[in-house]
Structures are given as structure tokens and as C-alpha cells.
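Participant: Hey, can you work out the whole structure from these sequences and the hints?
The working numbering applies: residue 3 is where the sequence shown begins, and numbers increase by one.
Hints were generated in silico from the structure; no laboratory data involved.
What you are looking at is a predicted structure, and each value in this text was computed from that prediction instead of being measured.
Among the clues, some could well be false.
Claimed, not checked - Between beta-carbon pairs, the in silico distance windows are:
id : residue 1 : residue 2 : range
1  : Q24       : L100      : 16 to 24 Å
2  : Q24       : R72       : 47 to 55 Å
3  : S67       : I9        : 26 to 34 Å
4  : L95       : L18       : 35 to 43 Å
5  : E83       : Q38       : 52 to 60 Å
6  : V133      : T112      : 18 to 26 Å
7  : L91       : T112      : 24 to 32 Å
8  : S13       : S62       : 14 to 22 Å
9  : G20       : S67       : 18 to 26 Å
10 : V88       : L32       : 28 to 36 Å
Beta carbons are placed, not taken as given, at the ideal position from N, Cα and C, and that holds for glycine.
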Amino acid sequence: MDEHAPIFVISAAAELAGMHPQTLRQYDRLGLVEPQRTPGKSRRYSMRDVMQLREIAMLSAEGVSLEGIRRILELENRVTELSQRVHELEGALADELLNRPGRRVFAAGTEGEVVSVKAGTRLRRANSVVVWRPLGGER
Numbered sequence: 003m004d005e006h007a008p009i010f011v012i013s014a015a016a017e018l019a020g021m022h023p024q025t026l027r028q029y030d031r032l033g034l035v036e037p038q039r040t041p042g043k044s045r046r047y048s049m050r051d052v053m054q055l056r057e058i059a060m061l062s063a064e065g066v067s068l069e070g071i072r073r074i075l076e077l078e079n080r081v082t083e084l085s086q087r088v089h090e091l092e093g094a095l096a097d098e099l100l101n102r103p104g105r106r107v108f109a110a111g112t113e114g115e116v117v118s119v120k121a122g123t124r125l126r127r128a129n130s131v132v133v134w135r136p137l138g139g140e141r
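Facilitator: Shown next as C-alpha cells:
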């Protein structure tokens, strides 16, 4: 079952969350939970919404204010979005590395930068000799 599918009417969601339906309406008005709406404007809650309502109840029981709860939920949702984006980018990077196997070789440049090198290619190295002598030391 898709956790984002809007399948619960307000009475069922309230029962699953252990709350009164009026509390769900208030949380909707405050933006703590945002159920989807039917064409007739009835609220439909997903399992994700119900889990969020349970988290709201737990935070409220611990003494967190509604504004604090709103901020916590906002940050948790942002972390989830960013985690999904990182996962997407990791997949894209892995695909790119597989599609360009010769581009995975690299070397350090003269200034310490990373230089891409085709597989089987050697970089030219400077062959100068540098002599180091300590200041004020014997020669």
C-alpha cells in the first residue's frame, strides 16, 4: 500500500491517530497536517498523515508547543526531501561512472588539483632538481 494514498476519511484517521476529528480539523487549519481533498472538499488522510498525527500527539504530550511541532515537522520533511535528492544524485553519479569507465582515472596536477586522465595515459612530469639548504646552516 502506498503510504501517501489518501484513503482515510476524517473519522477513520482520527481513530487511527487516537484523536478527536475536531483536533484534525484544527491541525489542518494550522498547517500541521495537510490532507488531500476530494472534489467535494472532504478531507482524505493517508497513512503518512496518520503517522504524522501520532508524532504530533507524542510531541504535544512532551510539552512541545504547536509552533515548535510545526517547525520540527517542517525540518523532518526537509531532511526527507534532501535524503531523497542525495539518493537520486548518487544514482545519477553511479550511472555516469558506468557510462564513462575511462573517465574514472585521475591524477594530481602540479598545483594539487585533480586532473582527469584517460585510462592508459601517463602524465608528463617535470624532471627539475630542487636543492634545499637550511638558512644559516653549513654548506
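Participant: Look at each hint and say if it fits the structure.
Facilitator: Hint check:
no. : hint                       : verdict
1   : Q24 with L100: 16 to 24 Å  : violated (54 Å)
2   : Q24 with R72: 47 to 55 Å   : violated (19 Å)
3   : S67 with I9: 26 to 34 Å    : holds (31 Å)
4   : L95 with L18: 35 to 43 Å   : holds (40 Å)
5   : E83 with Q38: 52 to 60 Å   : violated (18 Å)
6   : V133 with T112: 18 to 26 Å : holds (19 Å)
7   : L91 with T112: 24 to 32 Å  : holds (31 Å)
8   : S13 with S62: 14 to 22 Å   : holds (21 Å)
9   : G20 with S67: 18 to 26 Å   : holds (20 Å)
10  : V88 with L32: 28 to 36 Å   : holds (30 Å)
Violation of the numbered hints given earlier is confined to hints 1, 2, 5; the remaining hints are satisfied by the structure.
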